[in-house]
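**Student:** Now for the letters of each chain:
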Amino acid sequence: MISLFMIYFKRLLQYRIAALAGIGTQIFWGVIKVMILEAFYLQSVGKEPISFSQATLFIWFGQAFLQLLPWNIDKEIEREIRQGNVVYYLLRPVPLYVIWFIRALSMRLAPALLRFFPVLLCAFLIGQLPFPSSASQLMVFLFSILLGALVGAAITTLVMISLFRTLSGEGIQRLIPHVTLLFSGLFVPLPLFPDSFQGFLNLQPFRCIIDIPSRIYAGVIPEALWMKHLLFQLGWLFLLMLLGIAMMQKATKKLVIQGG
Amino acid sequence: MRSYLDLVSISIRSKMQYRSSFLMLTLSYFLSTFTDFLGIWILMDRFKTIQGWTLPEICLLYGVVQTAFSLAETFARGFDMLSQYIKQGDFDRFLLKPLHPFIQLAAEEVQPMRLGRFFQGLLVLLWGAITLHISLSLSLILFLSIIGTALLFYALFVMQATLAFWTTETLELANVLTYGGLEVSQYPLSIYKFWFRQFFTFIVPLGLTAYYPVYTSLPWMGLISPLIGGLLLFMSYLFFNQGIKRYQSTGS
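For the record, the sequence lines run as chains L and X. Its first residue numbered 1, the first sequence is counted upward by one per residue in this note's numbering. Its first residue numbered 261, the second sequence is counted upward by one per residue in this note's numbering.
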């Protein structure tokens, strides 16, 4: 299983130039978004749910770990389903769900690992990324972002499985990234959404990926509640994986292979 | 010009062949780009104003930039394929026909479904205009700055694609000027840092085509907008010709 991960992972690491361009783009977006938020905060009169310096952390973590979000899928999988090559996977001794989940995980992790450090370094150099207040906070943050990567992979796998049904749904596929980015807090940090939406936002799975780790690092979540949030992430992870396995079983039963 | 319109209409008709798929795509562009507006709405809902601009005023600016971007994007997609043509040596085909390659490429691929963004921007623009009861002269200025900004975005798409004559690959990094420019110019230019403002006024003059006409609502500012957009489009055309001179076929 690990070797499978390494194969996909290494394949993705090849695209270093793309990663370099990605880093530049992400830093540019980070700088713009921080400037926009600053303009809003400059004239804020009331008490906001998070401070400006906390909000910049959300922006920078969002840019650094953008690739963990399930905003796209492997084009190759789409082709494999369309052409029927997917049947070969069914002959392998490892369940299809496991193969796809690992593939999704490496697809999420490889670009994120290439990009997060330079982006965060840049944020640190312009003084917008403070050190964590304690070693334990850093540890919990790292653990939380790892869980976030797993949740991102689980959602990606779900989208991949749904392709069995909606191969032609290019309209829907185009919507997925925007919905993902919105509910993950990439457009606007989730705490800044209207108060009446917070109840819903706090329960949906997309916040597991970047929002919860950011809140832990920024100190929005007090130490006493760290455990609860990690369990929340773990709970969504199990739920999404169970759902994926169930959907996969149903889909492969109905699978029609184009004979040729 | 005549042949350009003929080619464009062929391209559009080919896209409309599958009517339901076309409508779905248009709708998805409408909805997905609407999330851009949601982002602004959320922030405006929490902070009420940005440097004195209220939501309907921001809507005017947002509407101008979004509709302009959509128009440019709809008609400039043919240039996206340039790097592929260069890589495979297919660009020869364009040099052989009795029509300037610039026009051929411009008409090669028109994607009317991208107008989903246009309708979304127009809706926001109209809401802002109706709420503010804007005057006739301001409506004219808005109209002119949509045209100017669309020309400017078109020029940016062309320049981004033309770089492929030197680099072969399309440079994703150039997206920071197109998509980045879109994001930047949705907000008043005055909120940004000095160097950033200068950049988007004098180098990529999105400020001159969109922000200043809307902000000052001066008629001559409105008139300047299409002139600047046209000037940049002309410059992109010259740049494109420069690129053609660099072109060497793959020689197969």
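These are calculated hints, taken from the structure and not from any lab test. There could be a bad hint or two in this list.
[Stated by the list, open to error] List of simulated lysine-lysine pairs, DSBU-like, C-alpha gap at most 35 Å:
no. : chain 1 : residue 1 : chain 2 : residue 2
1   : X       : Lys275    : X       : Lys347
2   : X       : Lys308    : L       : Lys228
3   : X       : Lys505    : X       : Lys347
4   : X       : Lys275    : L       : Lys47
5   : L       : Lys75     : L       : Lys254
6   : X       : Lys453    : X       : Lys357
7   : X       : Lys453    : L       : Lys47
8   : L       : Lys10     : L       : Lys253
9   : L       : Lys75     : L       : Lys253
10  : L       : Lys75     : X       : Lys347
11  : L       : Lys228    : L       : Lys250
12  : L       : Lys10     : X       : Lys347
13  : L       : Lys254    : L       : Lys10
14  : X       : Lys505    : X       : Lys308
15  : L       : Lys250    : L       : Lys75
16  : X       : Lys275    : L       : Lys75
17  : L       : Lys10     : L       : Lys250
18  : L       : Lys254    : X       : Lys275
**Student:** Are the hints correct? Go through all of them and say.
**Tutor:** Consistency of the hints with the structure:
{"no.": "1", "hint": "X/Lys275 with X/Lys347", "in the structure": "holds (25 Å)"}
{"no.": "2", "hint": "X/Lys308 with L/Lys228", "in the structure": "holds (34 Å)"}
{"no.": "3", "hint": "X/Lys505 with X/Lys347", "in the structure": "holds (16 Å)"}
{"no.": "4", "hint": "X/Lys275 with L/Lys47", "in the structure": "violated (51 Å)"}
{"no.": "5", "hint": "L/Lys75 with L/Lys254", "in the structure": "holds (22 Å)"}
{"no.": "6", "hint": "X/Lys453 with X/Lys357", "in the structure": "violated (48 Å)"}
{"no.": "7", "hint": "X/Lys453 with L/Lys47", "in the structure": "holds (25 Å)"}
{"no.": "8", "hint": "L/Lys10 with L/Lys253", "in the structure": "holds (32 Å)"}
{"no.": "9", "hint": "L/Lys75 with L/Lys253", "in the structure": "holds (23 Å)"}
{"no.": "10", "hint": "L/Lys75 with X/Lys347", "in the structure": "holds (21 Å)"}
{"no.": "11", "hint": "L/Lys228 with L/Lys250", "in the structure": "holds (33 Å)"}
{"no.": "12", "hint": "L/Lys10 with X/Lys347", "in the structure": "holds (26 Å)"}
{"no.": "13", "hint": "L/Lys254 with L/Lys10", "in the structure": "holds (33 Å)"}
{"no.": "14", "hint": "X/Lys505 with X/Lys308", "in the structure": "violated (53 Å)"}
{"no.": "15", "hint": "L/Lys250 with L/Lys75", "in the structure": "holds (22 Å)"}
{"no.": "16", "hint": "X/Lys275 with L/Lys75", "in the structure": "holds (22 Å)"}
{"no.": "17", "hint": "L/Lys10 with L/Lys250", "in the structure": "holds (32 Å)"}
{"no.": "18", "hint": "L/Lys254 with X/Lys275", "in the structure": "holds (33 Å)"}
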